[in-house]
Amino acid sequence: MPVLEGKELRIVGFLCNWCSYGGADTAGVGRFAQPTDLRVIKLPCTGRVNPLFVVRAFLNGADGVLVSGCHPGDCHYTAGNFYARRRLEVLRELLDVMGIQPERFHYTWVSASEGQKWKQVVSDFTARIHELGPATSFSSCAAVAVETGMKTAI
Amino acid sequence: MNIGVFVCHCGSNIAGTVDTEKVAEAARSFPDVAFATDTMYACSEPGQAGIIDAIKDYGLDGIVVASCTPRMHEATFRKTLERAGLNKYLFEMANIREHVSWIGKDKELNTNKAAELVQMAVAKLRNNTELHAGEFEINKRVMVIGGGVAGIQAALDCADGGLQVILVERESTIGGKMAKLDKTFPTVDCSSCILGPRMVDVAQHPNITLYAMSEVESVNGFVGNFDVSIRKKATYVDWEACTGCGQCMEKCPSKKAEDRFNEGVGTTTAINIPFPQAIPKKAVINANACIMLSKGKCGACAKLCPTQAIRFEQQDEIVQEQVGAIIAATGYDLFDHTLYGEYGGGRYPDVITSIQYERLLSASGPTGGHIKRPSDGREPKNIVFIQCVGSRDPSVNRPYCSGFCCMYTAKQAILTKDHIPDSQSHVFYMDIRSPGKLYDEFTRRAMEEYGARYIRGRVSTIQPRDGYYVVKGADTIMGSQVEVKADLVVLAVGAEASKGAGALAEKLRISYDGYGFFMEGHPKLKPVETNTAGVYLAGSCQGPKDIPASVAQGSAAASKVQALFSKDKLASDPQVSSVAIQRCVGCAKCESTCPFGAIEMTEFRGMPKASVVETVCQGCGVCAVTCPQGAIQLQHFTDNQILAEVNALCPY
Amino acid sequence: MTRQYAYYPGCSAMGSSIEYDISTRALCKSLGVELVDIPDWNCCGSTPAHASDHLLSASLVARNLAIAESMDVEGIITPCPSCLKNLKTTSLRMQRKGFHEKVEHIVERPVRADLPIRSVLQTVIEHCSPEAIAEHVSKPLKGLKVVPYYGCIMNRPPDVMTFDDPENPTSLDRLMQALGAEVLPFPHKVDCCGASLGLVRRELVTRLSGRILDTAASLGADAIVTACPMCQMNLDLRQNQINRANGTQHRMPIFYYTQLAGLALGQHESCLRMDKLCVSPARALQQVGAPAQEEPAR
Amino acid sequence: MPTPSATHRFDEDFLKEVQQGSEQNLTRCYQCGNCTAGCPLSFAYDIPVNRLMRLLQAGEKHAVLSSKAIWLCASCETCTTRCPNEIDVARIMDVLRHMARREGLVAEPPVRHMWDAFLSSVEKYGRVFEAGMMANFVRRTGRFWTDADLAPVAIGKGKLGLRPHAIKHPDEVQRIFARFRDQR
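Chains as they are written, first to last, in the numbering used here: chain A, 1 to 154; chain B, 155 to 806; chain C, 807 to 1104; chain D, 1105 to 1288.
Hint data in this document are derived by calculation from the structure and do not stem from the laboratory.
It should be emphasised that the depicted structure is a prediction, and the values quoted were computed from it without experimental measurement.
Ideal placement from N, C-alpha and C gives every residue a C-beta, glycine not left out.
Treat the hints loosely; a few may be bogus.
[To be verified] The calculated lysine to any residue pairs, modelled on SDA-like cross-linking and capped at a C-alpha distance of 20 Å, are: (1) D/Lys1172 <-> C/Gly881; (2) B/Lys639 <-> D/Phe1147; (3) D/Lys1272 <-> C/Arg915; (4) D/Lys1272 <-> C/Met820; (5) C/Lys1082 <-> D/Gly1260; (6) C/Lys1082 <-> D/Ala1255; (7) B/Lys743 <-> A/Leu88; (8) D/Lys1172 <-> C/Met820; (9) A/Lys117 <-> B/Asp667; (10) A/Lys117 <-> B/Asn551; (11) D/Lys1228 <-> C/Asp846; (12) C/Lys1082 <-> D/Arg1267; (13) D/Lys1228 <-> C/Arg1017; (14) C/Lys1082 <-> D/Pro1256; (15) D/Lys1272 <-> C/Ser876; (16) C/Lys951 <-> B/Pro618; (17) D/Lys1172 <-> C/Arg1017; (18) C/Lys1082 <-> D/Asp1251; (19) D/Lys1272 <-> C/Pro845; (20) B/Lys261 <-> A/Val29; (21) C/Lys903 <-> D/Arg1288; (22) B/Lys387 <-> B/Gly654; (23) C/Lys1082 <-> D/Ile1259; (24) B/Lys661 <-> A/Thr78; (25) B/Lys259 <-> A/Gly6; (26) A/Lys7 <-> B/Gly258; (27) B/Lys661 <-> A/Ser113; (28) B/Lys639 <-> C/Arg1017; (29) B/Lys261 <-> A/Gly6; (30) B/Lys661 <-> A/His71; (31) A/Lys117 <-> B/Pro677; (32) A/Lys7 <-> B/Pro805; (33) B/Lys259 <-> A/Val29.
[Claimed, not checked] Ranges of calculated distance between the beta carbons of each label pair, as one might list FRET restraints: (34) D/Ala1255 <-> C/Thr1054: 19 to 27 Å; (35) B/Gly239 <-> A/Val90: 40 to 48 Å; (36) B/Pro185 <-> A/Asp124: 33 to 41 Å; (37) D/Ala1239 <-> B/Lys639: 40 to 48 Å; (38) C/Lys903 <-> A/Pro134: 25 to 33 Å; (39) C/Pro916 <-> D/Gln1124: 20 to 28 Å; (40) C/Gln810 <-> B/Lys639: 47 to 55 Å.
Please build the complete structure, drawing on both the sequences and the hints.
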């Protein structure tokens, strides 16, 4: 089922189960109104986020990708978010090369208690993506090329 | 696969802003979906029955429920599947309440989003496989961190239930804040008379090992098998030998040491036993104040100690303990009133905190229970109490109500009248918050029987004027300024998270809120659990609480531990990593990245291979991203499963 | 090394607080703080302006800011807290685009509103530090008991003034101690003396200022040290009015801190203009062995 | 001030105007009374500050704008400095004075005259001419003996110049006043 033309853009979120997913729940329980574009994929930890997931999302037509986990030091698995930070920093460098605007990608830390902050993060990022507008789509062959290149890069 | 989809109305919580029928209809067009319907309350008895029937009637072998957050009801529905004879991991949830219906009003957008989340769940479910939990042994010992009234209650309940308890206390004695109180509201019974016996029970209980002057250094492992290292801070006294006779205190020449137990009201000796009922009743040397330790000469205590217990050379010591569960009961600290420059910022000797006043009231306190002004030892006649100092004050980032100040202030006003019959108390308050059994009656007594004058308004400033203090406040009900002459001003300082709470939370891997209070598992339904299995909360470390509430939570946490330990083995979570041996090239990258050391390198037909120790793996999935071959995968969160979700959302 | 600042004297410097201006210039000179007057500066509008309209108030200030921005200086400094509050408030509010445009439209010139703005007191304290000043003291104010009176707006509101503690400022205390004076703990450091209502409601002023004088006297102070022209004029020029209204006999000298500093640094009377004070400082000055002033005309 | 009746008309536009003009959120006030407690001039007010804040919340336009208190406020910033909810009360008092002027409700005319006298002096010379301003004020209020006792002392001390210190370009300041007037 497609995004509602003109109303929404395609934004994918990868959230860790312990902090940010809880933060998003807290925002919901607090009835903090947010734009509806974002679709959340729940993972145990941002340490599980393979940069490939992000790239695949973009290649398949995502207009924005948001990754959010526990604050540094608060990781439920002690170090998962540090691994995530390192990998995502590398990814940010590569996005440009792959022809993806780096501004379309953002990662941040939101704890389970920070409902208000989560609302802010979602609102700001969604606004940013709407400013950038829809991403240019990739031809399937280009996509394959990029992904294989990516695999070797990481 | 035959997938059944159930879209929950949650009354009007979801159906109010999501067209659940439409979502169900959309779901029918998704691959492998054999059955889809909306339902009033999926979690209710009939709701679950409906799911079970559908599984039977339509031969479903996978279920998606679109309702609230999985953090709420995933466990519920997994049980439902098991009751229907399905493996509980053939289940996915779409969160269309917290993430959809509660955060947006546009029904069209919400409905569309809900349908997409269902589609995503279906896509993942199609890649799910049956998983089966293993079992592992648990260590039925429990560690309680913090020896205040909540920790004492938890420790005693666990110990009485036959569990081995490790009680870790930062100070040299247990008792916490309650041990410093003179009387307790609303009964005005003596604090040490009711707490004292419980403290003695702790000391004498065969099942309790007490580490005083100790702090948790690090925590490793997981529910059922935690490895804790505890730092026993140097006391410079051999506690095996020390009998607590107290002769050392009488002879110690250094008498200007900070008196922590008496909250800095007066000073004490460098070698010190905080108070007569201390548990353990052992001497501790304050290294900064000790002449021997700072200047290398003196040793008076060592000379006269009847049991030669003094050890100037003593060092901190690290001890290891294994436990299966942990109860955090680290309590709270009091707001630092020096942030209020308008109240003197600590420059006025006779402007003191409420807990300092408790020490003045206490018969075992520095003044032997006689209320004396710190400045000149005079007995005050006019005492002003100022409430909400560091509570309900956004300008110092303390917008919350500390809950118990109204009550202890009323108590202190009553005790003041008892101590000094010809005294007059004034209480500046914003609102009197006294919900609780016999609480409001108590505050009324302070006014009606003890003549405390309550003034509804905040105090703007306190100014000293020859020998007394002018308290400038407002009476908002009368609609005017009021100035009260005071001999003594008592600030009802609010509660805040105890120092080091954040650091401990990080060691325990639990979350804490913006103020540093630990986060409970669920604000309503999991008041003493945390999101980390095997770690529980008791008392004010979770948020300001009075004594009855702290005790109740101590018992609640204890009973949670008892329930956990009622089984001899725990089911291990099968959502752990596993290695596809034929794809593994034995590069050992995963071994080096695993935060838990859950991966061992083994040999298989002479080739090095990684293998996962399932009971140690916590399921973070860091290894899965590290593996260049994609050989190691996290069960239930495999690359394929996650990419299926991505592709469902981004189909081009 | 010397530092150049755009100097904004404020209207009172031309009249009621001329000795503050003179002694300020002298002190700054001796401490290597170079003052360059803002050419053709105009009145900031003080309370009458901001109490009448914020845009008018800001516009009057903005003209001065614009002129100062054309000078090569580290920032703007002024001895008067009232001017200081107006200048700082304006440059803060002009950070907001809409307001900025309105103001520029009215003053008809570009205004950046980005120069740091400080009081002379803050500059002296932070640029030279009391300790450093102590080394230059040739005539320590031994035995002189003073209470420091900062006035209500030298440090408040804290978000705007961002200098010293809003409830218990200590910069004057430290400076006076460095000069050898004995500083008494004064509870009314930041209390309002009511100066702005002097003309219209004298009975209010005599009450507020009376309390300040009473406490200072009861503490055994030889003098009050001020940093505000309004406060000084109020407590000094009106002291007889205050005495009459409250039935008191205060003869409390009200010094500007710059006068006492100059005195301790051995500056000549022509730099201090003690003769401008209405309440004779003679006794206080004799205490520190300074040449007695002739009893000024009354 | 008239006691607001239970069925008083809540003037929402008034509340909005105050909040926009002062950039303060009045719903933050929880009536602790700290502003009143610290106000040095409360003893002279007809309505204490915290009550003014309450009347604002209740949209009681007339009661607020016709109060003496808003004119006696000395802008000493004590309320602003100590408000636990970080409301800039002094700034609100400013805004109330602005509005009262526009509504022609000035409960303390002398204060207004003094300020006007001050400002017209500034408009004329670019700086305040203290003696001139005094004269102007006396003319406006007919209070001939205002501080008459101080004049000789002040003059004797050379603190009350009898000639204005006009700036070089008073016209620039005059244009500021003029442009300010016609943009309103």
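Results of checking the hints against the structure:
1. D/Lys1172 <-> C/Gly881: The hint is violated at about 39 Å.
2. B/Lys639 <-> D/Phe1147: holds (18 Å)
3. D/Lys1272 <-> C/Arg915: holds (17 Å)
4. D/Lys1272 <-> C/Met820: Holds. D/Lys1272 to C/Met820 sits at ~15 Å (cutoff 20 Å).
5. C/Lys1082 <-> D/Gly1260: With Cα atoms ~9 Å apart, C/Lys1082 and D/Gly1260 stay inside 20 Å; holds.
6. C/Lys1082 <-> D/Ala1255: The given pair, whose Cα atoms are some 14 Å apart, holds under the 20 Å limit.
7. B/Lys743 <-> A/Leu88: Distance ~18 Å between B/Lys743 and A/Leu88 Cα, so the pair holds.
8. D/Lys1172 <-> C/Met820: violated (33 Å)
9. A/Lys117 <-> B/Asp667: holds (12 Å)
10. A/Lys117 <-> B/Asn551: holds (16 Å)
11. D/Lys1228 <-> C/Asp846: Holds - the C-alpha atoms of C/Asp846 and D/Lys1228 are around 14 Å apart, at most 20 Å.
12. C/Lys1082 <-> D/Arg1267: Within the cut-off at roughly 19 Å; holds.
13. D/Lys1228 <-> C/Arg1017: The hint is violated at about 37 Å.
14. C/Lys1082 <-> D/Pro1256: At roughly 13 Å apart (the allowed maximum being 20 Å), D/Pro1256 and C/Lys1082 satisfy the hint.
15. D/Lys1272 <-> C/Ser876: Roughly 17 Å between the alpha carbons, so the hint for D/Lys1272 and C/Ser876 holds.
16. C/Lys951 <-> B/Pro618: The hint holds at about 19 Å.
17. D/Lys1172 <-> C/Arg1017: violated (23 Å)
18. C/Lys1082 <-> D/Asp1251: holds (19 Å)
19. D/Lys1272 <-> C/Pro845: Holds: D/Lys1272 and C/Pro845 sit about 9 Å apart, inside 20 Å.
20. B/Lys261 <-> A/Val29: holds (18 Å)
21. C/Lys903 <-> D/Arg1288: holds (19 Å)
22. B/Lys387 <-> B/Gly654: Cα-Cα ~16 Å, so holds.
23. C/Lys1082 <-> D/Ile1259: holds (11 Å)
24. B/Lys661 <-> A/Thr78: holds (8 Å)
25. B/Lys259 <-> A/Gly6: It holds: about 18 Å lies between the C-alpha atoms, which stays within 20 Å.
26. A/Lys7 <-> B/Gly258: Judged against 20 Å, a Cα distance of about 14 Å means the pair holds.
27. B/Lys661 <-> A/Ser113: The given pair, whose Cα atoms are some 18 Å apart, holds under the 20 Å limit.
28. B/Lys639 <-> C/Arg1017: holds (16 Å)
29. B/Lys261 <-> A/Gly6: holds (16 Å)
30. B/Lys661 <-> A/His71: Distance ~14 Å between B/Lys661 and A/His71 Cα, so the pair holds.
31. A/Lys117 <-> B/Pro677: holds (19 Å)
32. A/Lys7 <-> B/Pro805: holds (18 Å)
33. B/Lys259 <-> A/Val29: holds (14 Å)
34. D/Ala1255 <-> C/Thr1054: 19 to 27 Å: Between D/Ala1255 and C/Thr1054, where Cβ atoms are some 23 Å apart, the hint holds.
35. B/Gly239 <-> A/Val90: 40 to 48 Å: Taking Cβ atoms as reference, B/Gly239 and A/Val90 lie about 46 Å apart, which means the hint holds.
36. B/Pro185 <-> A/Asp124: 33 to 41 Å: holds (36 Å)
37. D/Ala1239 <-> B/Lys639: 40 to 48 Å: holds (46 Å)
38. C/Lys903 <-> A/Pro134: 25 to 33 Å: This hint holds: roughly 30 Å between Cβ atoms.
39. C/Pro916 <-> D/Gln1124: 20 to 28 Å: holds (27 Å)
40. C/Gln810 <-> B/Lys639: 47 to 55 Å: holds (52 Å)
Violated hints for the displayed structure, listed by number in ascending order: 1, 8, 13 and 17.
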